[in-house]
Amino acid sequence: MERRAIFSAKVGFLFLAPALAFVAVFLLYPFVRVFLLSFTNQTLLGTTAPNPEWVGFDNYRRLFDFDRWMRLGEFGSALKITTQFVIGSALIGQVGLGLLIAWAFYRKKGVLREAVYTLVILAWIIPETVVAFTWVAFLDRDFGTLNALLDAVGLGRPDWLFKHPLESIILFNSWRGAAFSMLLFSSALETIPPSYIETAEVAGANAWQKFRDIFFPLLRGHILTDLILITLWTFNVFTPFLLTGGGPARRTELVSIYTYRTAFHGQHEFGKGGAIAVVMMLINFALALIYLSLIRRRRVHG
Amino acid sequence: MAKTRLLLSVLLAFSLMVAAFGLAAPAQAQDGPVTLTITCRCVAGGVNNNLVVWLTTYVIPNFEKMMADQGREVKVELVEFGGSDEQLKEQYALDLSVGSGYDIMAFDGFWVPEFVGAGLLKPLSEVVGPEVNEWEGWGHISPGIQAILGYQGDVYGIASGTDVRQIFYRTDLFEQAGIELPWQPTSWEDVLDTARKLKEAGVPIPLQINAGTAMGEATTMQGYFMVLLGAGHHMYDFEQNKWIVSSPAILDALNFYKTVYVDEELGDARMQLLQDGRNRSFVEFRDGNIGMLVEGDWFWRSVMAPGSETGLENRNELVGWAKMPAKEPGAGYNGQDYVSISGGTGWVINPNTEHPSEAWALLSYMSSPEPVRAFELMQPRISFRDDVAVAGDPVMTAMAEALLPLTTVRPMLPEYPQISYEAQLMTERVVSGEMTPEEAMQAFDEAVTELVGEENVIRIPLQ
Amino acid sequence: MNRYRIRTTTSRALLLVFAFIMSAFFALPLLWLLTAPFSTQANLAVKIPETPSLANFEAVFRNKFAIRALFQNNLILGGGVMVLVASIATLASYGLSRTRVPGRDVLVYILILFSSVVSGTAAMVPLFLLIFNLGLIDTYLGVILVMTGGLLPSGIFIMRDFVDSIPRSYEEAALVAGASSFRMFRDVAFPLVRPGVMVVAIWAFVNAWGAFLIPSVLLRSPEHMPASIAFYSFYTEAGTPNLTLVSAYAFLYTIPVLLLYLIVNWRFGFRFFGGIKS
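Chains as they are written, first to last, in our numbering: chain A, 652 to 953; chain B, 112 to 574; chain C, 106 to 383.
Keep in mind that the hints were calculated from the coordinates and are not lab data.
Hints are supplied without guarantee of correctness; some may be wrong.
Claimed, not checked - Cross-link-like lysine-lysine pairs, in silico, DSSO-like; alpha carbons within 30 Å at most: (1) B:Lys-369 - B:Lys-438; (2) B:Lys-353 - B:Lys-369; (3) C:Lys-169 - B:Lys-176; (4) C:Lys-152 - A:Lys-814.
Okay, chain A solo, but in the shape it has when bound (with noise of 0.2 Å):
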């Protein structure tokens, strides 16, 4: 699709002036303020809130200070399990089970699709408070609905949030967020010709083969997008604190929930808060120009 202008850059400036104004007042204003804050020991209680400091990079030292940090608390050890939580319940999780529910229902139509798509998103627009709710119920070890279903088939009562708090955010936050990436995949392989894939049936292809050879060249593109977005949306998720609280002993301190006992608790230092925030948004950055060059490596054609 070409982008040809259709009017001048002034007109296009007078639609882009309201947007422009919230982004200005309400998104670039605060952001450079938690920049600068960043290389500040700005607290919000105790001597250091009235007499801030500038301490340069100071605060970004400390995050990255090798001797302790991946001790459990530290950042090191936040980094190290958001990572594993972004890969469990962002990749595999919520990236790999769209793509696996858009497919399975692609070009079907009628009640089990229906049926199927109406839960996934339910699950996504329940209000957070909500979802934590029902998930602290689910996952309870001696009431929980699932252990119910896994004593009922013999698989025991695991103590779930707390012998596998890890394993439970992850479960809890795949079917938390499936749902944007199966409505951004499930209208992305609407736009593949139907000639393709008829043409690959009568060719004799496999499921596999159709999807390695028509679906994933075509779709690289949306999986790109998706994963940046779901990678950054991940990375700055909160809701695991309201199942876990960022344990047992800091088992699961996502650096969100690190963040928030930084910025929020103690002293408030949210000088040091500032600064994990760019730190995060300079990681999800890297990560979008990885996968840009992992899945650009050859462009296709058509």
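Put chains B and C on the given structure of chain A with help from the hints.
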């Protein structure tokens, strides 16, 4: 032409939307009578309901009438807050930092140093004026209790309550295990032996003592301090003005935790490490699954109160209490046989208030004998005035009489909350089995030294 | 049966099994919400109550503060954010699409990156100070504006493909016929883009409906609090959640977004258009 029209329509639509969703009026009325706002962590029908009832049905109507009789028109508005204490503290910090906030705020004593350090609170005499010192109430409040909302010689508000801590136990489970009642252990070994007997009698959780970061300050107060003080010293050396970061007593305390949670499984470590562990402990105690629980008197008068969801109808028959012993008689802090520690809460006046004298009138009224007595009748608690007695609950009176003489307070220093957190983390590491007591103490030493500097810590050598 | 028939029957059966597993996975955690509100002794188990009762709902409705939070404040906040985000994102993505803006996609992505920083806990104090300086603390407007700012970049992103995929021929014809750009937008482009606007509107509404952090930082009076915060009024004197009441309130809290989705899906269909390509 068309472009101007486009721009104008966009702006018009925008401002219409803005106007339609309205700029809600600020909470405070500006003209007419003086309006005071008072806030606390309290919700009608929810958390701390008693406070809401007391304020809305007794204090406010009587105060407004009192003011009217003096010819002053004053309205008082209670702003309920439903979140956690930590969230309330954060709200205070935000509001005070921009010069706003409510006129009178319920305040936890140990927040005072941090807020004063940040310049967010001012002494009462500065906010209201020297007439504060003439108040008759000061003569009826002991200096120790006045100091709850005090810092470095100045007083920032009026304390409204303090508390004590002890061991609560289920008399029915003790009878089941054949333990003699009433029960008063005299050493840690006594407590552990009793726990072992309970375990043999089949009690699921013989002894539960708070540990871990999930319970926050409740761990430090009801858990760590109770054992540390029993092991011999405080967290802070008040003579030398330094923090004690390494000592045999700290190790003893940690080993107590290890014995209870790791070695002999006399307590449920899982509960301490789960996010809602404190709630669970309340429910388990109510349901008769916990034999002994180290808690504060708030547990007795609020959590356990008949009628409360976590309460017991025949609380007085089923629940007994005992003083927490030192490791051995005489081995406790200040050479005591038994130990306890007290926190405190009260009300401060916002330095940004526009009506300091009216705010002071309300605060001093709330802290005068009749209203305090009225609250006592609703919820018997340790009284902060010596001319108001604990009413209607002999157990509460007995606890106060036995423990107030033995009790101590937390170090009122700005760095305390962070050091308290490090102590909670230290207990968490031991209880979860992640570190040995020696390793955990070492980590505590490093963390606290980094926080306050080498010159502000002392280490007592281990023999 | 020939091989084709066997293959389709097998694949139909597989699909059925797959659908069943997926439905179970996505539905099971929600079952608690269907049983707990109707029982008098709620706990964490999913059990059909022996004597179903509406007592919990009665108790919830008696709590004026929580009901106002849900049926007034949430609607104001959700509606405000929905209208602002949908309209501004549509206008902006239309402008971005029909004018030559170099590096458009990178620009939007960078804005999304910024919005991830600004919606996190690290930015809460700066945001508080900003809103305070605008005099908008404890107002609906303050919360609506901040949430809109945070959602706009992603909203523009979602709208982008809807707008891009409208063939320009209609608009070019309209231009030739002398229509102003605004009329062109209103009469030609907007109707075609309406499904996209619906998606962004719902997405923005759902985000605002469930929001907790920003309202808790920017709002003060109980009269302005949204439902996510009103949950606390169903906690006990001791500070523990009262599961019977909490589940009933959660149920009420969920119904509106569920209905909204079902209605929009039925009338317009809820889908992204043309896929979101990078």
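Hint check:
Note on Lys-369 of chain B and Lys-438 of chain B: the hinted pairing holds, with a Cα-Cα distance of about 15 Å set against a maximum of 30 Å. Taking the CA atoms of Lys-353 of chain B and Lys-369 of chain B, the gap is near 27 Å; set against the 30 Å cutoff, the hint holds. Among the hinted pairs, Lys-169 of chain C with Lys-176 of chain B is consistent with the structure: their alpha-carbon atoms are about 27 Å apart, no more than 30 Å. Of the pairs offered as hints, the one joining Lys-152 of chain C and Lys-814 of chain A holds, with about 25 Å between alpha carbons and a cut-off of 30 Å not exceeded.
Violated hints: none; the structure is consistent with every hint.
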